[in-house]
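Residue numbers (the UniProt record's numbering), protein chains in the order written: chain A, 1 to 285; chain B, 1 to 236; chain C, 1 to 592.
Heads up, some of the hints might be wrong.
List time: in silico DSS-like cross-link candidates among lysine-lysine, alpha-carbon distance up to 30 Å [stated by the list, open to error]:
1. C:Lys31 with B:Lys51
2. B:Lys51 with C:Lys554
3. A:Lys79 with B:Lys28
4. C:Lys554 with C:Lys31
What the hints contain is simulated information worked out from the structure, not anything from laboratory work.
So you can see what is in the structure, the chains are spelled out below.
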Amino acid sequence: MAVALILVLVAVGSVAFHLWSPWWSTPIASNWGYIDDTINLTFWITGFVFVVILLFMAYCVLRFRTRPGNRAHYEPENKRLEWWLTGITAIGVAAMLAPGLVVWNQFITVPRDATEIEVVGQQWRWSYRLPGQDGRLGRSDVRHVSAENPLGVDPTDPQGQDDIILDGEDLRLPIDRPVRVLLRGIDVLHNFYVPEFRAKMDMIPGSITYFWFTPTRTGTFEALCAELCGVGHAAMRGRVVVQTQAEYQAWLVGQRTFAELGAAARRAQASAPPPERDRYEEASR
Amino acid sequence: MIITLLFLVAVLGFLGWWLLARQGLMSKPWLETATPATILDTGASPLPTAKIGLGVFLGIAGTLLMLLVSAYAIRMDMEDWRPLPWPQLLWANTAVLVLSSVALHRARAAARQAAREEARSWLLVGGLAAIAFLAGQVLAWRQLAEAGYRPATNPADAFFYLLTALHGLHVLGGLVALARAAARLRQARIEALRLSIELCATYWHFLLAAWIVFFVLLAYAPVFPWLYAICRAPFG
Amino acid sequence: MSEIVPGADHPIPHDHADDVELYHPHSWITKYVFSQDAKVIGIQYSLTAMAIGLVALVLSWLMRLQLGFPSTFSFIDPPSYYQFITMHGMIMVVYLLTALFLGGFGNYLIPLMVGARDMVFPYANMLSYWIYLLAVLVLVASFFAPGGPTGAGWTLYPPQAILSGTPGGQGWGIILMLVSLALFIIGFTMGGLNYVVTVLQARTRGMTLMRMPLTVWGIFTATVMALLAFPALFVGAVMMLFDRLLGTSFFMPALVEMGQQLRYGGGSPILFQHLFWFFGHPEVYIVALPAFGIVSDLISTHARRNIFGYRMMVWAIVGIGALSFIVWAHHMYVSGMHPWFGFFFATTTLIIAVPTAIKVYNWLLTLWRGDIHLTVPMLFTLAFIVTFLNGGLTGLFLGNVVVDVPLSDTMFVVAHFHMVMGVAPIMVIFGGIYHWYPKVTGRMMNDAMGKIHFWVTFLGAYLIFFPMHYLGLLGVPRRYHEIGPTSFVPDSAETLNAFISVVALVVGAAQMLFLFNLAWSLRRGREAGPNPWNATTLEWQTPQTPPGHGNWGKETPPVYRWAYAYGVPGAARDFIPQNEPPATAAGDGGSG
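Bound conformation, chain A alone (with noise of 0.2 Å):
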């Protein structure tokens, strides 16, 4: 009888705990809205499993408790009722996968009009790079990081000369307007995670990795490193500020280039060094 009721309990907690508590997908600010539906049917289709064979099992349990003189049912299998059960958790689980699928071909389907920029990540901090008049990125490798090209862009290539670099700013974004996101870590594995935008990927030092969505909604997100890469990984955060056209323009004016900053160091350099700095308590702060 207890263990019945425990059963249920179980089961009726786990529903009513998922109804009503407090703990929920932060409020979505990207075009990923598919994404949460398919949480919600996966949600509904395994929940109801869930209850169903829990409530179920209490019922074995409150039935068929031992009795004297009571003997189980001799029966070693019945094949038609196994093939139904095959069937129908294969319909289930198709019913979760095709939507699946279809989203994740939106997702790796990159709109031609999107407007690519870099996210950058090193222990244990972010960089971004924006591309300038020309609406390129110039090409980067890590063997031209120095504190002066803290990016590594490619001094050479006249396309990166009007990249905007923004170190140690946050990220600006222009609302409804479809960024690819293009990932590049230079020391370790990181990812860049900003939970309202709901996509997230890993950047793998030595290749560039990308995903895509569109900002829909204006406001300040954080953005977390979501891949262990050492003691400052919790430290790891950014923030990404979504803006309106005119906003984000008005902004994008005043920014320099990375030919600007280039002239900005030498003379800098020329003066004094940059002080030595406790890089775990840098990233801590």
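Given the coordinates of chain A, work out where chains B and C should sit on it, guided by the hints.
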């Protein structure tokens, strides 16, 4: 990686065939109550258990081999790959390993005819040849290292050292088994002796085959682009 | 349908062993320490695994203290937190679960259940244990090495695993970890050969494969998988050792670490991930399949009913085993591998749900119309079904590639895999220990202590891991020593974290009661007799309890029927042991 999967498909396919065809995987065991007179056969193989054990072990070693080959092909595809100069000594080492394998083969034949002394001589030849092979491999390492090709120089060099080291360790393990067989040569029953020599011979042939795979891979990998594509796919 | 012909061209195994083939211990040392008896080796494996498991349990306490009450305990700083999670994960997955199921249960049960006298290669079997112990000691040594153990996460992803930004990356930690894994694999291979070949070759007369208890099927299939999957980890570990010690670039691309150009170049971090998960995913089933098998036997014995759909259960075990080799990259959906792989691996992953679901249905259908005895092993079995079902269903989220994108690397993943391959298999381990303890020691474990242990463990574990999914949904990443102030995590999540930590401490403490029960019952437990659960399988039919050396006295038992003759109509008792000859020539197990 595909080649690893193909290998596993072969292994699992064999197991599946064996289960289905030989072991009655479709039978309904609850209908098969036996009496003392009609007790069922277990379907165990009439081969000696040790041979089955060696077979299973070679399956594992084969998986290891395939994984190394896959990793090699995937890594080789990257741009920084610089093939290393092929030490001519390795031809001699290969010949010595072939000799070792042939000697073991002769030892097996001798053991089957219960010719203890002959088996002993061939075991000795095989063992010495295997030791010579190992010495030759170490020498090849030294030649390469002196010429500036160290593990860290290039992934091609790194793979050369890795594959030869793992292969060499397996040869060493085989030598331990061989030494044990040789030590019991005089006292052991001829059946036991025959079995342990047969096991050594089978293992030696495997070592030779594995070495030839490595040799072709290290020296001639681009010669068979399709094979190389199978190894690399789908990550190429 | 079946081609089994009695005794035609295959010799029926001898009913008695040649004396020279049996190993005989000559002293206390060779009997209890350097023993070649699979039963002793099984106990050695189990005790060692439980001891190292205790270390992992304490590590989990420390982690939970930090997560529940951040910045409260000065002795837990970020580097040590990462060391705790890494060692906790690695110990639990490899050194506890794999070793306990295959080395512990496998060694003890395989020969007894198939009616063999021992494993077929006892010497290699003994070496297997001692190499395992050495691997454990090397692992433990890394706690005392300069710089401490590695903090790279149990997945040990390069490049960070061997760089200075990770605890133990440039010290001894990662080296000892990799060496220990390589040793474990070598030791396991020796044992695994034994388990496979014993099942193939040493079954007693009449024990066809389809008459084997599902426990043996589960352990056998898991061992075959482990033997084929561990080489991938071995290759990965050796190559990473080369990278770390010799400066090769198998996995290391050109990189700038803290403004410093390193001399690595050209390697592929993702190659390691493929090798790791080529091992790592089968590993999940290496732990799950023995659990499936053991649960099937427990549920059948304690519900006094034949396992429902035995053939389907066997096929499902074999099918899951084979399929699990082509799903590995579902751990890598957001790793940056080619996006087209997502379609393939999502499909294979969700297909594997079907045979798994069949197993769950058949367990339930075994309960249905049964005669359920709510013993402690049965309670753990029920708890296994609940937690495995829960964890399996959340697996359908993570396996479905696009759903995985927001959830991967969050606490949702942590909750999922703890439920499905942490809590669920451990429920089976407990159930199995309560079930077979009387055979191993001759005494029953204390029932009252068992029930307290059960309820605290089951309900506690559920309370820990069920709400944790929702933290992940919220976006809380895994492997963070503290979330810190964020814009999207409400303060109430901190309260939930503190609650989970308190429950975790209580559940951990309840395991001390279990250990006490183990020790107490050894002397004070009720005498069990040879077959306290009225079970049909051979291990309960040994002439002595605990079974003596060689297991069976003069002759190994002949097997006349399948392993699940419970509740057979017309039989005198509600169970018929496998080695009990039929009452009449026509047989009495043939209905249905």
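Each hint tested on the structure:
no. : hint                  : result
1   : C:Lys31 with B:Lys51  : 28 Å, holds
2   : B:Lys51 with C:Lys554 : 27 Å, holds
3   : A:Lys79 with B:Lys28  : 12 Å, holds
4   : C:Lys554 with C:Lys31 : 20 Å, holds
Hint compliance for this structure: every hint is met.
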